[in-house]
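Here this note's numbering is used: the first residue of the sequence shown is 35, the next is one more, and so on.
Hints in this document: simulated from the structure, not taken from any laboratory.
Please read all numbers here as calculations on a predicted model, not as lab measurements.
Yeah, the Cβ is synthetic: ideal placement off N, Cα and C, and Gly gets one too.
It cannot be assumed that every hint is accurate.
DEER-style ranges, computed between Cβ atoms [unchecked claim]:
no. : residue 1 : residue 2 : range
1   : Thr204    : Ile260    : 17 to 27 angstroms
2   : Leu127    : Arg99     : 13 to 23 angstroms
3   : Ala196    : Asn129    : 53 to 63 angstroms
4   : Arg118    : Ala154    : 54 to 64 angstroms
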Amino acid sequence: MLVLAAAAACKLSPDLAQDVAIEVTTPDSLEEFAVLKPQASILTARGGFDTTIPVFWFSPDTAIRVTDSTTGWTVVRVPGATGRLFARGDGLLSNPVTIRTLAAADTLFAAGPIRDSVSASSALSDSLKVELADTVPSSTGADSLTVPLAGRPVLYRITHPAPGPVTLETTPDTARALDTLALAVTGGAGIASVKVRLLAAAPPDSVVVVASASRASGSPVHGVVIFTVRFLP
Numbered sequence: 035m036l037v038l039a040a041a042a043a044c045k046l047s048p049d050l051a052q053d054v055a056i057e058v059t060t061p062d063s064l065e066e067f068a069v070l071k072p073q074a075s076i077l078t079a080r081g082g083f084d085t086t087i088p089v090f091w092f093s094p095d096t097a098i099r100v101t102d103s104t105t106g107w108t109v110v111r112v113p114g115a116t117g118r119l120f121a122r123g124d125g126l127l128s129n130p131v132t133i134r135t136l137a138a139a140d141t142l143f144a145a146g147p148i149r150d151s152v153s154a155s156s157a158l159s160d161s162l163k164v165e166l167a168d169t170v171p172s173s174t175g176a177d178s179l180t181v182p183l184a185g186r187p188v189l190y191r192i193t194h195p196a197p198g199p200v201t202l203e204t205t206p207d208t209a210r211a212l213d214t215l216a217l218a219v220t221g222g223a224g225i226a227s228v229k230v231r232l233l234a235a236a237p238p239d240s241v242v243v244v245a246s247a248s249r250a251s252g253s254p255v256h257g258v259v260i261f262t263v264r265f266l267p
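Using the sequences provided together with the hints, build the complete structure.
And the structure:
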């Protein structure tokens with residue numbers, strides 16, 4: 035989600051070429067290990083843009099850190115918090131933009147059985163569930179804790195058989211569309227799931243579905259879950 039913030043000068047000059055506001059456009063969240071690069075425009079009293087004035091960025095908060103004041107590149111310092119981002123230039127200061135800092139997923143694992151056998155007459159498997167989480171070291175020296183992450187995408191892919199006899203469903207689909215790839219979003223417990231639906235009259239010997247996930251930066255999350263579904267006569 036993008037947010038936009040602007041701040042105007044207190045008094046407008048009759049000079050319509052005068053710069054009167056800084057408009058900022060940026061995502062409202064930032065994942066750990068990713069980099070945010072905001073955009074800023076200086077507005078003139080005429081309603082145009084002044085592209086000759088440099089804009090500088092800063093944050094007074096510890097949740098985020100501006101690594102380059104001229105580009106605005108920003109990274110997470112404290113996950114699970116919020117930080118304010120400001121732009122300034124030509125004597126103007128933007129309104130603060132609040133950035134939510136998100137923990138980076140680092141593990142994906144099965145949250146239920148990885149093998150399922152169902153009757154071909156029912157044509158629909160049970161849910162193939164995975165959990166996406168962040169591993170947090172324990173402050174007591176005990177084993178690390180896994181913190182479930184909500185609202186994160188998980189990619190499911192049918193790798194066998196060839197496209198045709200089965201499809202993936204994230205929600206009930208009366209149209210029976212053929213989808214060999216599906217994105218499921220994790221819920222509050224960090225769980226994502228899909229089901230396999232049989233489309234053909236003759237079921238394949240087995241269906242193999244692979245679940246994987248990536249961070250916002252594009253790097254893969256550790257762990258790939260492989261499910262096998264058999265449709266019995």
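Hint check results:
The hint said 17 to 27 angstroms for the Cβ distance between Thr204 and Ile260, and at roughly 19 angstroms that hint holds. About 19 angstroms separates the C-beta atoms of Leu127 and Arg99, a value consistent with the hinted range of 13 to 23 angstroms. Taken as a hint, the range 53 to 63 angstroms holds for the pair Ala196 and Asn129, whose Cβ atoms sit roughly 54 angstroms apart. A hinted range of 54 to 64 angstroms holds for the C-beta pair Arg118 and Ala154, which are about 57 angstroms apart.
The structure agrees with every numbered hint stated previously.
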